[in-house]
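Enquirer: Given chain A, work out where chain B should sit, using these hints.
These protein sequence lines are chains A and B, in that order. All the letters of the first sequence, read from the start, carry residue numbers 20 to 132 under our numbering. All the letters of the second sequence, read from the start, carry residue numbers -16 to 99 under our numbering.
Misleading hints may appear alongside valid ones.
What the hints assert, rightly or not - Below are the DSS-like pairs computed for lysine-lysine, each with C-alpha atoms no more than 30 Å apart in a straight line: (1) A:Lys90 to A:Lys56; (2) B:Lys40 to B:Lys(-6); (3) A:Lys41 to A:Lys56; (4) B:Lys87 to A:Lys87; (5) A:Lys56 to B:Lys0; (6) A:Lys76 to A:Lys61; (7) A:Lys61 to B:Lys(-2); (8) B:Lys0 to A:Lys76; (9) A:Lys41 to B:Lys0.
Derived by calculation from the structure, the hints in this document are not laboratory data.
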Amino acid sequence: GENVEQHPSTLSVQEGDSAVIKCTYSDSASNYFPWYKQELGKRPQLIIDIRSNVGEKKDQRIAVTLNKTAKHFSLHITETQPEDSAVYFCAAFFSGGYNKLIFGAGTRLAVHP
Amino acid sequence: GAGVSQSPSNKVTEKGKDVELRCDPISGHTALYWYRQRLGQGLEFLIYFQGNSAPDKSGLPSDRFSAERTGESVSTLTIQRTQQEDSAVYLCASSGRAGATNEKLFFGSGTQLSVL
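Chain A with its partners taken away, still in its complex shape (with noise of 0.2 Å):
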């Protein structure tokens, strides 16, 4: 069936370390990978994403990659800040006929000054 598993469900780094966070999907024909940042009683909001036919893709301080033969994808945040501390969340959009976004579970940043 579809599923995204998301690693770790807890980071914790300090000011000006990086932070990465790592996501699996189950389905081959996935072609687009979005990463929604939810600050605490907020709603998602996308902040950056990446379609199957790019490897990399980079926003400032925050890039994401994408291995389609593993069907892994990554979100790496550098010099980090206070403010980056949310939860995100990776997605993968299924199709079959129809399509949806799947999310993971979600990844708890803690960014310490």
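Expert: Relative to the frame of chain A, chain B by itself:
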């Protein structure tokens, strides 16, 4: 409005009562999703609409849950005979303006449902 709107923002109900949650998607968006988020948990897929039809209802937890969408706009999620385990934030999202990429989701702020 400019974004996805959900109402009510908070709903407290007694066990056994029915509740109806409403979602107004971004105007013109063809796809509409409902997710459930229990406290401290991830986003659990419930149902997806493409236009007014729901090709995938596989996420609905039980037959107490139903959803409909009319006029390719407003959607309602109905929970009958609510149970305490239904307590969660119910998030709606929409995507897919005609001619645009159909995957980027825009979320509403959710309905916090508490079943006493």
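Enquirer: Hint by hint, note whether the structure agrees.
Expert: Taking the hints in turn, this is what the structure says about them:
Between the alpha carbons of lysine 90 of chain A and lysine 56 of chain A the distance comes to roughly 22 Å, so the proposed pair stays at or under 30 Å and holds. Note on lysine 40 of chain B and lysine -6 of chain B: the hinted pairing holds, with a Cα-Cα distance of about 24 Å set against a maximum of 30 Å. Restraint check for lysine 41 of chain A and lysine 56 of chain A: satisfied, since their Cα atoms lie roughly 14 Å apart, inside the 30 Å limit. Among the hinted pairs, lysine 87 of chain B with lysine 87 of chain A is consistent with the structure: their alpha-carbon atoms are about 20 Å apart, no more than 30 Å.
As the CA atoms of lysine 56 of chain A and lysine 0 of chain B are separated by approximately 34 Å, the hinted pair breaks the 30 Å bound. Annotation: proposed proximity of lysine 76 of chain A to lysine 61 of chain A holds, straight-line Cα distance about 26 Å (limit 30 Å). For the suggested pair lysine 61 of chain A and lysine -2 of chain B, the alpha carbons sit about 27 Å apart, so the restraint of at most 30 Å is met. This hinted pair does not check out: lysine 0 of chain B and lysine 76 of chain A have alpha carbons roughly 48 Å apart, beyond 30 Å.
Between the alpha carbons of lysine 41 of chain A and lysine 0 of chain B the distance comes to roughly 41 Å, so the proposed pair goes past 30 Å and is violated.
Of the hints listed earlier, those the structure fails to meet are numbers 5, 8, 9, in rising order.
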